[in-house]
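Undergrad: Sequences are here, hints too, so could you generate the full structure?
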Amino acid sequence: MEIFVSQIMTGLSIASILMLVALGLAIIYGVTGVINLAHGEFVMLGAYAAWFLQTQFGLSLLVSLVPIFILVALFGWLIEALVIRHLYERPLDTILATWGIGVMAQQAVRLIAGGELRYVEMPPALATSVTIFGASESAYRLFILFLALALFALTWCIYRYTHFGLKLRAIAQNRSIASSFGINSGRIYRFTFAYGAGIAGLAGALVSPLKSVSPEMGTTYVVDAFMVVVLGGVQSLMGTLASSGILGELTGYIAFYSNDTIAKALVLLAIVVLIRFRPQGLFAGRVRT
Amino acid sequence: MSPVTEDQLIMDRASVSFSGFLAVSELTLRVRKGELRCLIGPNGAGKTTALDLVCGKTRLTAGEIRFEGRPIHHLSEHRIARAGIGRKFQVPSVFRELSVWDNLHIGHSQQPGVLANLIRFRRNIDAEDISRLAELVGLQADLKTQAAHLSHGQTQWLEIALILAQDPALILMDEPTAGMTAQETKKTAQLFDRLRGRHTLVVVEHDMGFVRDIAETITVMHQGKLLAEGTIAQIETNQQVRDAYLGSGGIGHA
Amino acid sequence: MKVPGKTTSQIAIYAAVCIAILLVPLVLDDAFLLNKYARYLVFGMLAVSLSLSWGYAGILNLGQAMTFGLGSYCMAMALKLKTIPVHTGSDGLPDFMVWNNVTELPWFWIPFHSLAFGVAAGILVPVALAALLGWFVFKGRVTGVYAAIITLAAMVVVQLLIIDQQRFTGGFNGITDLAQFEVAGFAFDAYGSSSYYLVAGCLAVTLFLALFITKSKTGLILQAIRDQEDRVRFFGYDVALYKIFVFSVSAGIAGLAGMLYTIVMEFASPTFLGVPLSLSVVIWVAVGGRQSLLGAMLGALVVTGVQGALSESETFLETWTLVMGLLFVLVVLFLPKGLAGAFEKIAARFERTPPGAVAESTAPRSEPIKSGREIEGVS
Chain A
1 MEIFVSQIMT GLSIASILML VALGLAIIYG VTGVINLAHG EFVMLGAYAA
51 WFLQTQFGLS LLVSLVPIFI LVALFGWLIE ALVIRHLYER PLDTILATWG
101 IGVMAQQAVR LIAGGELRYV EMPPALATSV TIFGASESAY RLFILFLALA
151 LFALTWCIYR YTHFGLKLRA IAQNRSIASS FGINSGRIYR FTFAYGAGIA
201 GLAGALVSPL KSVSPEMGTT YVVDAFMVVV LGGVQSLMGT LASSGILGEL
251 TGYIAFYSND TIAKALVLLA IVVLIRFRPQ GLFAGRVRT
Chain B
290 MSPVTEDQLI MDRASVSFSG FLAVSELTLR VRKGELRCLI GPNGAGKTTA
340 LDLVCGKTRL TAGEIRFEGR PIHHLSEHRI ARAGIGRKFQ VPSVFRELSV
390 WDNLHIGHSQ QPGVLANLIR FRRNIDAEDI SRLAELVGLQ ADLKTQAAHL
440 SHGQTQWLEI ALILAQDPAL ILMDEPTAGM TAQETKKTAQ LFDRLRGRHT
490 LVVVEHDMGF VRDIAETITV MHQGKLLAEG TIAQIETNQQ VRDAYLGSGG
540 IGHA
Chain C
544 MKVPGKTTSQ IAIYAAVCIA ILLVPLVLDD AFLLNKYARY LVFGMLAVSL
594 SLSWGYAGIL NLGQAMTFGL GSYCMAMALK LKTIPVHTGS DGLPDFMVWN
644 NVTELPWFWI PFHSLAFGVA AGILVPVALA ALLGWFVFKG RVTGVYAAII
694 TLAAMVVVQL LIIDQQRFTG GFNGITDLAQ FEVAGFAFDA YGSSSYYLVA
744 GCLAVTLFLA LFITKSKTGL ILQAIRDQED RVRFFGYDVA LYKIFVFSVS
794 AGIAGLAGML YTIVMEFASP TFLGVPLSLS VVIWVAVGGR QSLLGAMLGA
844 LVVTGVQGAL SESETFLETW TLVMGLLFVL VVLFLPKGLA GAFEKIAARF
894 ERTPPGAVAE STAPRSEPIK SGREIEGVS
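Protein chains in written order, with my numbering: chain A, 1 to 289; chain B, 290 to 543; chain C, 544 to 922.
These are calculated hints, taken from the structure and not from any lab test. It is possible that part of the hints are untrue.
[Stated by the list, open to error] Chain B is faced by these chain C residues, among others (derived, beta-carbon under 8 Å):
1. Gln553
2. Ala555
3. Lys760
4. Leu763
5. Phe788
Glycine residues also receive a C-beta, built at the ideal position from the N, C-alpha and C atoms.
TA: Have a look at this one:
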C-alpha cells in the first residue's frame, strides 16, 4: 500500500510539473497556432529568475513567484510583439523563429550567468514531509501539485466564463471571422503568449529547488510538454490535464522500472505515431484546420 | 433518350454528410460523353460538394460514382485525375510562385511519374502545345510572368488553360466566370462552345446568362438533392425550381 | 517558346564556384587549414541536401543530421574494421567492443569488412530510412509543422539508440581511431590535399546533381507541391511519391556528406546526429537562401567559416552563437529567401532598369488575388 501510494504520488508530482509547462504551450498553440519551441527557455528563464532573486536579494521562492510570473510574461509579450506577430501567416517559419529565440535565450543566459549548474533553495516552510496513507511525501511537491491544479482551474475559468475567454475561443475557431466581428486578435494573441510564457516561467521557478538550474534545462521540458499537448489535443484544456496525468504516471512508472534512454526514445516514437494517426489528440474531437 | 451505356459519368445515390449534416443526399446524375451539363441551384445546394465527390476531394458516405464504367469513388485524387477527370476550382487555384509557362508545363501531366519527369526539361518538350494553349486563353505575352501577378480574370483563364493542358475526358468547372467582366464571360462561353464534343463538361454556374448561352441540359440541385433536370426552357418554367429559388431573389440572382 | 538563358548562366556560375573551390589547394599549402576547409565543404554539401527538400519541396527537415550521422557511422564502421589488428582487441573486435565485453562481432558489423559495402551503405541506409519515414509521413498526408516535428523526433530516437547501444556503437564516445580511407591502394590523408579534392569533387557532383533535379520537370512539380500541394494531386501526380523521392535523394546526399565528414574528422560521434547540428544546417540554409542550392551552400561555408575563425576564444564563440541566433531570427522575419534571394532582387533591379528606361514596368497588375492558397470549400 505504501509503495503503491508513493508511486502514485511520484507520478502526480511529475504530472503537475508537466502540466504547468504544457499548459502554457497548449494555450499558445491552441489559440495562435504557433508551436513555441522557445517554451523550454521560458521555463529556464523562470528558474534563473528564481535563482537570481534568491541569491541577489535573498527573496524566498514563495515571495518571488509573482514577480517571476510578471517578468517572464513580459518577456513573452516582447517576443510576440517583436517576432511572432509577423509570422502568423507562415506557420513553418514560426518554428524556426522560436527555435532561434530559444538558442539566443540559452546563449544569453550562458554568457551572463555562466554555464555552470545553479541551485535554488526550497522554501523552509515547505521543506518537510507529510504522511499520506502511510507514505511519506514531500510537502513541497504537494504544494506544486495544488498550485498546478489551482492554476489550471484559474485558466479554465478564464477560458470558459470570462468575456476574454469567449474571444479566445472565437479566435481559436476562426481568426478572420472573429476579426471581422471586431475582436482585436492581435492584442489577444499577445496576451495569450504572455500568459503562456508567464505560466512556463512559474513552472521553471517551481522546479528549480528540485533540479539543478542550467541554460539547457528547457530542452527536455519542451519535448515532454509537446508530447502532452499532442496527446491531449490542441484545442482541449481538459485534454491537457488528462494527458499530463497519464504521462506523469507513465513516466514515473517507466523511470522506476526501466532504462531512461529507452523511455525517452519511446516517448518520441509515441509522438511520431500519434501525430501520424491522430493529429487531433486522444481527447479532442476535431482538428484545427 | 440515349441508352445507359453511353453515360460517361454516373453518380448513383451519392451521399455525403459532414458531422451529421447531409451536404449531398442520394444524388443520382448521369452525364453523356461529350455533353455540356450545367449544374445550378441556390447557395448551399451542394453543387461544389458534388464536384468534390467526383474528383475525390471529398469522400462518399454512401452510394457510388462510376466513370467510363469503372467505380472511382474509392480511388485517390491523382488516380481519378489520371483516369481522365480534371477540376477547376471556385477560387482560382494556380501555382502562384511559378511563372505562367511553368504552370502550364505542370498542367501538361500526361506523364505523371517521378522518374520519367526527371529527364524532362522545360526546353525540349511540350513547348508548342503550351504556346498554343497560352494563345487560346490570351496569356501568350505573359508566359514569363509570375502567376501571382496576374489579374483575377487572367488567373481564371490560366486555370482553365491548365485543365486543357491536362486534357481530361471530363472537365469539372466550378464557377469559371466568377469575377470576370461581361466581355471575359462572353469569351469564356465561346471557349466552352469549342470544347463541346471533345470533352465532357460539368459546369457549376450562378450566372444564368452564361448558362443560357452554353447549356444543353441543366441539372438543378436543392438542399443536397436533385430537384429537376431538363432544357433551359423546361427549367425556367418548373414550379419546384421557382419555389426553391424563392427568397434568394429568383433564379437569375442566385 | 524559347526560355531565356537563365539556366545557362546559372550553370556557368555554379561551375565557376566549383572550379574556384577545386583550385584552393594550389594556393594553400597548409595541411591544417585544408582539413578545416574540407570540413566546411562537407557542411556545404549538407546544406545543399536540405535546400533540395526544404527550399524546393517545402519539406522542412529538422532532423537532417540523422541521415548525415548514419552515413558517418557507416564509413566509421568500415574504417574501424580496416584497423585490424592495431586498434582491435582479440579476435579482430573493435576496441570499444572489447571494453564492453562483447565477444563476437555483431552480425550487422560483418559486411563492413568490405569498404565498398561501407560506402554503399553510407548512402543506401540513409536513403532507405528516409524513404520509409517519408512513406509513413507523406502517405499519411502529414504536412508542414507536424512533418517537421516528426523528422526532429525521429532523429533524436536514432541518436538515443546509438548512445544507448554502447556495446555496438561506442555510445557517447562514438567510433574513434580509424584507418585512412583507401581506394585501390591510394590512401586519402585527412590532412592532405587528396581528401580535400575528394570532398570538393563530391560536392561539385552533388551540386550539379541537385541542380539537374531542380531543373527537371520533377523539380518543377516539387516546387508546385511546395506552393499548393492539394492542387498538384488533381493533375494526376502522386504527391507523396514525389516527396518521398526528394526526401530520399536529400538523405542520400546527407549520407554522402556524413561519410566524407568521417574521412576528414577521423571519427564518428553521436553528436553528428544531434539537434544542434540539425539546427545549424537549417540556419545555414535559411541565411544563404533556401531556394538557391548555391546560396545554401555558400551560407554554410560562410557561417561555419566565421565560426571557425572565432573558435579560438570561448567567449567569442559563445557571443557568435548568440549573434547567429539573432541573425537567423532576422532572416526568417525579413529575408525568407535568404541572402541569395536578396541578391537576386538586387540583380533583377539592375537588369530591369537600364539607364533612361522607364521604371516600374514590373509593377504588379491590377489587383492581384489576395489569397489563393486554399482551395475553396470544406477542408
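Undergrad: Using 8 Å as the Cβ threshold, decide whether Gln553 of chain C counts as touching chain B.
TA: Result: violated, 13 Å to nearest chain B Cβ.
Undergrad: Report holds or violated for the interface hint on Phe788 of chain C, using the least CB-CB distance to chain B and a cut-off of 8 Å.
TA: holds (5 Å)
Undergrad: Can the hint on Ala555 of chain C be confirmed by a CB-to-CB distance to chain B that is less than 8 Å?
TA: Not OK, violated: Ala555 of chain C not within 8 Å of chain B, min 16 Å.
Undergrad: Given a cut of 8 Å on the nearest C-beta pair, is the interface hint for Lys760 of chain C held or broken against chain B?
TA: holds (4 Å)
Undergrad: Leu763 of chain C was flagged as interface toward chain B. Is the shortest Cβ-Cβ separation under 8 Å?
TA: holds (6 Å)
The earlier numbered hints that this structure contradicts are 1, 2.
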